[in-house]
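**Q** Residue strings, one per chain:
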Amino acid sequence: GAGVSQSPSNKVTEKGKDVELRCDPISGHTALYWYRQSLGQGLEFLIYFQGNSAPDKSGLPSDRFSAERTGGSVSTLTIQRTQQEDSAVYLCASSLSIQGAFAPLHFGNGTRLTVT
Amino acid sequence: AQRVTQPEKLLSVFKGAPVELKCNYSYSGSPELFWYVQYSRQRLQLLLRHISRESIKGFTADLNKGETSFHLKKPFAQEEDSAMYYCALSGNTPLVFGKGTRLSVIA
Numbered sequence: 882g883a884g885v886s887q888s889p890s891n892k893v894t895e896k897g898k899d900v901e902l903r904c905d906p907i908s909g910h911t912a913l914y915w916y917r918q919s920l921g922q923g924l925e926f927l928i929y930f931q932g933n934s935a936p937d938k939s940g941l942p943s944d945r946f947s948a949e950r951t952g953g954s955v956s957t958l959t960i961q962r963t964q965q966e967d968s969a970v971y972l973c974a975s976s977l978s979i980q981g982a983f984a985p986l987h988f989g990n991g992t993r994l995t996v997t
Numbered sequence: 433a434q435r436v437t438q439p440e441k442l443l444s445v446f447k448g449a450p451v452e453l454k455c456n457y458s459y460s461g462s463p464e465l466f467w468y469v470q471y472s473r474q475r476l477q478l479l480l481r482h483i484s485r486e487s488i489k490g491f492t493a494d495l496n497k498g499e500t501s502f503h504l505k506k507p508f509a510q511e512e513d514s515a516m517y518y519c520a521l522s523g524n525t526p527l528v529f530g531k532g533t534r535l536s537v538i539a
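As they're listed, the protein sequences go chains A and B.
Note that the numbering used here has the first sequence beginning at 882, numbered continuously upward.
Note that the numbering used here has the second sequence beginning at 433, numbered continuously upward.
Hints in this document: simulated from the structure, not taken from any laboratory.
Beta carbons: idealized from backbone N, C-alpha and C, even for Gly.
Any given hint might turn out to be false.
As the list claims (entries may be wrong) - What the simulated footprint calls covered on chain B by chain A, stretch by stretch (three residues with Cβ under 8 Å from a Cβ of chain A suffice, anywhere in the stretch; the number is not a length):
id : segment
1  : 471 to 481
2  : 523 to 530
What the hints assert, rightly or not - Beyond 10 Å from chain B on every Cβ pair, some chain A residues (computed):
id : residue
3  : Asn-891
4  : Leu-924
5  : Ser-934
6  : Asp-937
7  : Pro-942
8  : Thr-959
9  : Glu-966
Whole structure, please, built from the sequences with the hints as guidance.
**A** Here's what the structure looks like:
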C-alpha cells in the first residue's frame with residue numbers, strides 16, 4: 882500500500898514569503914506528526930495530531946508556524962514570513978497511535994525547504 | 433523532561449569489525465526505546481524497538497535501565513550498514529529523537 886506522501890519534495894522560497902507543506906498519512910493512521918530535520922540538530926518535534934483531540938503544538942518554534950489536519954487525514958504545515966533559519970527538511974510521519982512500542986512511526990520522504 | 437543523547441556524530445569502522453552506536457536517555461518513567469535508520473536517499477524507517485527484543489539485520493539493542501542506555505550493536509559491520517542512525521524515546525510525549533550518529537563502514 883501507499884506510504885506517507887509529502888509534497889512538494891523541494892521548495893525554494895524567498896525570505897518573508899509564506900509556504901505550505903502537505904502531508905498525506907497512511908490510511909487509517911490516527912496519529913500524525915511533523916518533525917524538522919536539520920544538520921547537526923537531528924529530528925526536532927514540531928506538532929502532532931491524534932484523532933479528534935486538540936493537537937500538541939509544544940514543539941512549534943514560533944507563532945509563524947501552524948498546522949492543520951482536515952478530516953483526520955491530510956495535514957498542512959504553514960510557515961509564515963519565512964526566515965533563513967527555517968531552511969531544513971520537514972518530515973511528516975503517521976502511526977496507529979501516539980506512543981508505544983506497537984505503534985512505530987512511518988515517515989514520508991520529506992520536503993526540503995530552502996529560504997533564500 | 434525526556435531527552436535522548438547520542439554522543440557520536442560520526443562513527444567509522446572497517447567492514448567486519450564490531451559496531452556499537454551509543455544512546456543514553458533521560459526519563460523518569462518507564463520508557464519505550466527505538467532505533468530508526470535512514471539509508472542514503474531513503475526515508476527514515478524503524479530498525480528495532482526494545483520491547484520486541486529482536487535482531488534486525490544483525491543489530492541488537494538492550495535496554496539498560498541502570499545506566500539509562502540503549503546502545504545499538506552489531507558483531508560484524510557490513511558496507512550496507514552505512515547510514516544515519518537515530519535513537520528515540522517514547523514516554524509521555526511524542527517520540528523524542530537524538531541528534532543521530534552517521535555510521536560509515538569502510539571496505
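**Q** Given that the segment 523 to 530 of chain B was listed as covered by chain A, double-check it with a C-beta distance under 8 Å for 3 or more residues.
**A** holds (count 8)
**Q** Holds or violated: is the Cβ of Ser-934(A) farther than 10 Å from all Cβ atoms of chain B?
**A** At about 12 Å from chain B, Ser-934(A) clears the 10 Å cut-off, so the statement holds.
**Q** For Thr-959(A), is the shortest beta carbon distance to chain B beyond 10 Å?
**A** For Thr-959(A), whose nearest Cβ neighbour in chain B is about 20 Å away, the distance exceeds 10 Å, so it holds.
**Q** Compute the least Cβ-Cβ separation between Leu-924(A) and chain B, then decide whether it is above 10 Å.
**A** violated, 4 Å
**Q** For Glu-966(A), is the shortest beta carbon distance to chain B beyond 10 Å?
**A** It holds; Glu-966(A) is separated from chain B by about 17 Å at its closest Cβ, greater than 10 Å.
**Q** Quick one: work out the minimum CB distance from Pro-942(A) to chain B and report holds if it exceeds 10 Å, violated otherwise.
**A** Check passes; 15 Å lies beyond 10 Å.
**Q** Is the Cβ of Asn-891(A) more than 10 Å away from each Cβ in chain B?
**A** holds, 14 Å
**Q** Holds or violated: the segment 471 to 481 of chain B covered by chain A, criterion of 3 or more residues with Cβ-Cβ distance under 8 Å?
**A** holds (count 5)
**Q** Should the label of Asp-937(A) as a non-interface residue stand, given a Cβ cut-off of 10 Å to chain B?
**A** Its Cβ does come within 10 Å of chain B, the nearest being 7 Å, so this is violated.
The structure fails to meet hints 4, 6 from the earlier list, while all remaining hints are met.
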